[in-house]
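> Each chain, written out:
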Amino acid sequence: METARAILRRDWAIERTYPLRLLLVMLGTATFAAGLFYVGKLVIDPPALEGYSGGYFDFVIVGLAVTSFAAVGLHSFSNSLMSEQATGTIDLLLASPASRASMLGGLFLFPFLLASAEFLALLVFGVGVIGSGLPIGGLIMAIPVVLLTTATFAAIGIATGGVLLIAKRGDPVSGPIMQLTMLLSGAVYPVAVLPAPIRAISWCLPATWGVHATRELLLGGAGWRDVLPAIGVLLAFVAVMVPLALLAFRSCVHTARRHGLLGSY
Amino acid sequence: MLQVEGVRRTYQPVKGFLRAVTRTATDVPVEALRGIDFTVRRGRILGLVGPNGAGKTTLIRIIAGLLDPDEGRVLIDGHDPAVDQRAAARAVGLVLADDRSLYWRLTGRQNLEFHGALFGMSRAEANARAEEVLAVAGLEDVSRRVFGYSTGMRARLAIARALIAHPPVLVLDEPTRSLDPVAARDTCDMLRNLADGGRAVLLASHRLEELERIADDIAVLIDGRITFLGSVDELRVQGDTIMTRLEQLLEADRLYGARR
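Sequence lines, in order, name chains Y and C. So for the first sequence, our numbering puts the first residue at 1; every next one is plus one. So for the second sequence, our numbering puts the first residue at 266; every next one is plus one.
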């Protein structure tokens, strides 16, 4: 854990040397939410959103907040590894006695916390201030759902990071996966509006379960018992995907060591 | 103690999926190391000298656990990095050739504390140890970010970082490469003191004169083979032919850059 905390401290210290970036991230979140607010005014009481408090604005804000976490899980490892390669610091990181698991956890922590700040800002400003209101109980119950959803995407991100240790640049996986997620997970429209065969595919994605359960908790008045099936499905995804991802990462490190590809960029 | 036993390494052309995703590997087999044997005992400095492309960096990357040998093994205080990378890594302090290996947006102290944490130190331990190694490296005013440091300060900081976890073995890849003569001499004196303090030091360098001054033994690496291994005095007495050949190669490097 000391390694993960140290990487978090390092990333925060480096981030503070770029104060404009943090400011722009927060400003971007606020303007994005404001833009969606006015788009939401064009969508008045659609039947597909029955059962959710608030309007389309609340609906889409929650969906996008959850998928923004998914994006962090997907991109943080590969981005961090590429950054370490480009700055020339990856050799000493990999040559250190720190465990790979704590190293990967550390590389994930700062982007995750930054996304959490954005998530909260988006929800509090979006749903809480200019939307229909935010149930604190629902928000707390949504935490494990969002964490599990993020973990499923982190698994893909870890495996992709391993491939990037070899390929260096060009992530062929994350982009299409995020596009599919936005298309099929119900982030910006309800899954119910999709054609039946595509809807069936949509429920095979962890993000769909995560978005659905979070919305039920924040906007649908659901309690934790109502989202247990979703939590169970997400747990199953995590139990399968994370070990496979760690195996894939280890295999990629081994291959890179074997062929002398570690550290080059 | 650092032991290198029969280490061979050939960079093979990659095939299939790997070839499709990477263009950094070679298209023809390159024999980088052709059976390397030596031992560096505590309290001694082995100077590793050779022209560019001789295999020095490949050897150091194998010792660092960043590359696997095809044959042979490396033992760092009894630990083989190809078998137990974490145990081997705890026993070795590394200064790699790339001076970008420091985090330039962090201060020198933050770099040291971070590296200490990678070795399992608590924040307080790493902080206290940073003070000690900064004193050993003769560095002051490390509260500034590294990008404001002179090349000499960065070299010293890299050595301080290598010392953070009390390693019994130090491996340095051209630590004086970019330094002016005075800074290079000071750095060499520091390395001699570290060896006298009981560390085994492997020092790769192009500067034969500095190795002659501080090393106990010299290994001359040419085309992946050690063509001479012995004391500095032996090299002076017996190694005229090797020295002449080496000086020719080093001179060619200086004039024409890397041979490959």
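Hints are not guaranteed to be accurate.
[Unchecked claim] Computed, partial: chain C to chain Y, Cβ under 7 angstroms: (1) Gly-308; (2) Ser-366; (3) Leu-383; (4) Pro-432; (5) Val-497; (6) Val-502.
[What the hints assert, rightly or not] Here chain C is said to cover these stretches of chain Y; the calculated rule only asks that three of the stretch's residues, wherever they fall, bring their Cβ under 8 angstroms from a Cβ of chain C: (7) 46-59; (8) 174-181.
For the record, the hints were derived by calculation from the structure and aren't laboratory data. Quick caveat: nothing in here was measured; it's all calculated off a predicted structure. Think of the CB as a built atom: it goes at the ideal place given N, C-alpha and C, for glycine as much as any other residue.
> Hints first: check each against the structure and report whether it holds.
Now the hints, each set against the structure:
A distance limit of 7 angstroms between C-beta atoms decides the matter here; for C:Gly-308 the minimum to chain Y is near 24 angstroms, and the interface restraint is violated. For C:Ser-366, the suggested interface contact is upheld, since its CB lies about 5 angstroms from the closest CB of chain Y, less than 7 angstroms. For C:Leu-383, the shortest C-beta to C-beta distance to chain Y is roughly 4 angstroms, which falls under 7 angstroms, so the interface hint holds. Contact between C:Pro-432 and chain Y, as hinted, is not supported at the beta carbon level, the nearest pair being about 11 angstroms apart and thus beyond 7 angstroms.
For C:Val-497, the suggested interface contact is broken, since its CB lies about 29 angstroms from the closest CB of chain Y, more than 7 angstroms. Given hint, C:Val-502 at the interface with chain Y, is violated; its Cβ is 37 angstroms from that chain's nearest Cβ, farther than 7 angstroms. With 0 residues bearing a CB less than 8 angstroms from a CB of chain C, the stretch 46-59 of chain Y misses the requirement of three and the coverage assertion fails. As drawn, the stretch 174-181 of chain Y meets chain C at 0 residues by the rule of a beta-carbon pair under 8 angstroms; below three, the given contact is violated.
Comparing the model with each numbered hint stated earlier shows that hints 1, 4, 5, 6, 7, 8 do not hold.
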